[in-house]
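S.K.: One point on numbering: in our numbering, the residue at position 103 of the sequence shown is 536, and numbering is uninterrupted.
Since the hints were made in silico from the structure, they are not lab data. Incorrect hints may appear among the rest.
Computed cross-link-like contacts, DMTMM-like style, restricted to lysine to aspartate or glutamate with a CA-CA straight-line distance of at most 25 Å [stated by the list, open to error]: (1) 606 x 548; (2) 549 x 564; (3) 549 x 563; (4) 497 x 508; (5) 625 x 564; (6) 538 x 525; (7) 494 x 470; (8) 540 x 595; (9) 505 x 525; (10) 540 x 623; (11) 599 x 461; (12) 505 x 495; (13) 609 x 595; (14) 551 x 519; (15) 600 x 470; (16) 494 x 530; (17) 606 x 508; (18) 599 x 519.
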Amino acid sequence: MKDNGIIEITFHGRGGQTAVTASQLLAEMTYETGFEDAIAIPIIGAERRGAPIMAFTKVSKESKIRTYDSVKHPDYIMIFDTSLLEIPRIRENIPEDVILIINSKSKLNTEYLPEKTKTYIVDATGICIEEGFMHSSGPILNIPMLGAFGKVSGYFGLDTMETVLKKAFGERKLEKNMAVANRAFDTVKELK
């Protein structure tokens, strides 16, 4: 958290992995739990499905957010695809004291990550495949990644996710959304 009380989150994904939607839903979930302000900042360009994309969310417990620029020193980084860590501009911009939440089913090679980084993994892809939570281009990763974020950060729980997801996607899709959210919430773990 910054001196001004703002918590900043960066999302790294690939086009079609729903990272931009995750950024927007995160803003809604934190606001729903009583945060004073929350904004999502998508970086939208000419990216195609599969191209690296970024999105940001800023949340504040104490005051209105007055800056709408991109995030330079995030408190949290969510990585939707481990191959993105091979891109130098992403890997080299991970700050020392950040909390990483990475979509990975197995232990990662952390030697290229800053020493003081806290790293958590969740098998969001595996959860989506097992639960049939897919769209035409692959797993819908936003909901399990947000479930993991809720558990790691403590900023919201599954009840808040359920409220926001019901508003966003309707009753018909709620059961499947909550199934993947619950599994991610229960299985995210810190790498030591």
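S.K.: Could you run down the list of hints and mark each one as holding or not?
M.R.: Against the structure, the hints:
1. 606 x 548: Given pair residue 606, residue 548 is violated - Cα atoms ~40 Å apart, limit 25 Å.
2. 549 x 564: violated (34 Å)
3. 549 x 563: violated (33 Å)
4. 497 x 508: At roughly 18 Å apart (the allowed maximum being 25 Å), residue 508 and residue 497 satisfy the hint.
5. 625 x 564: Between residue 625 and residue 564 the Cα gap is close to 28 Å, so the pair fails against 25 Å, i.e. violated.
6. 538 x 525: Holds, at about 23 Å.
7. 494 x 470: holds (7 Å)
8. 540 x 595: violated (30 Å)
9. 505 x 525: The hint holds at about 12 Å.
10. 540 x 623: holds (10 Å)
11. 599 x 461: Cα-Cα ~12 Å, so holds.
12. 505 x 495: holds (21 Å)
13. 609 x 595: holds (11 Å)
14. 551 x 519: With a Cα-Cα distance of about 19 Å, the restraint between residue 551 and residue 519 holds, given a limit of 25 Å.
15. 600 x 470: With Cα atoms ~19 Å apart, residue 600 and residue 470 stay inside 25 Å; holds.
16. 494 x 530: Holds, at roughly 20 Å.
17. 606 x 508: violated (31 Å)
18. 599 x 519: violated (36 Å)
Violated hints, listed in ascending order, are 1, 2, 3, 5, 8, 17, 18; each of the other numbered hints is respected by the structure.
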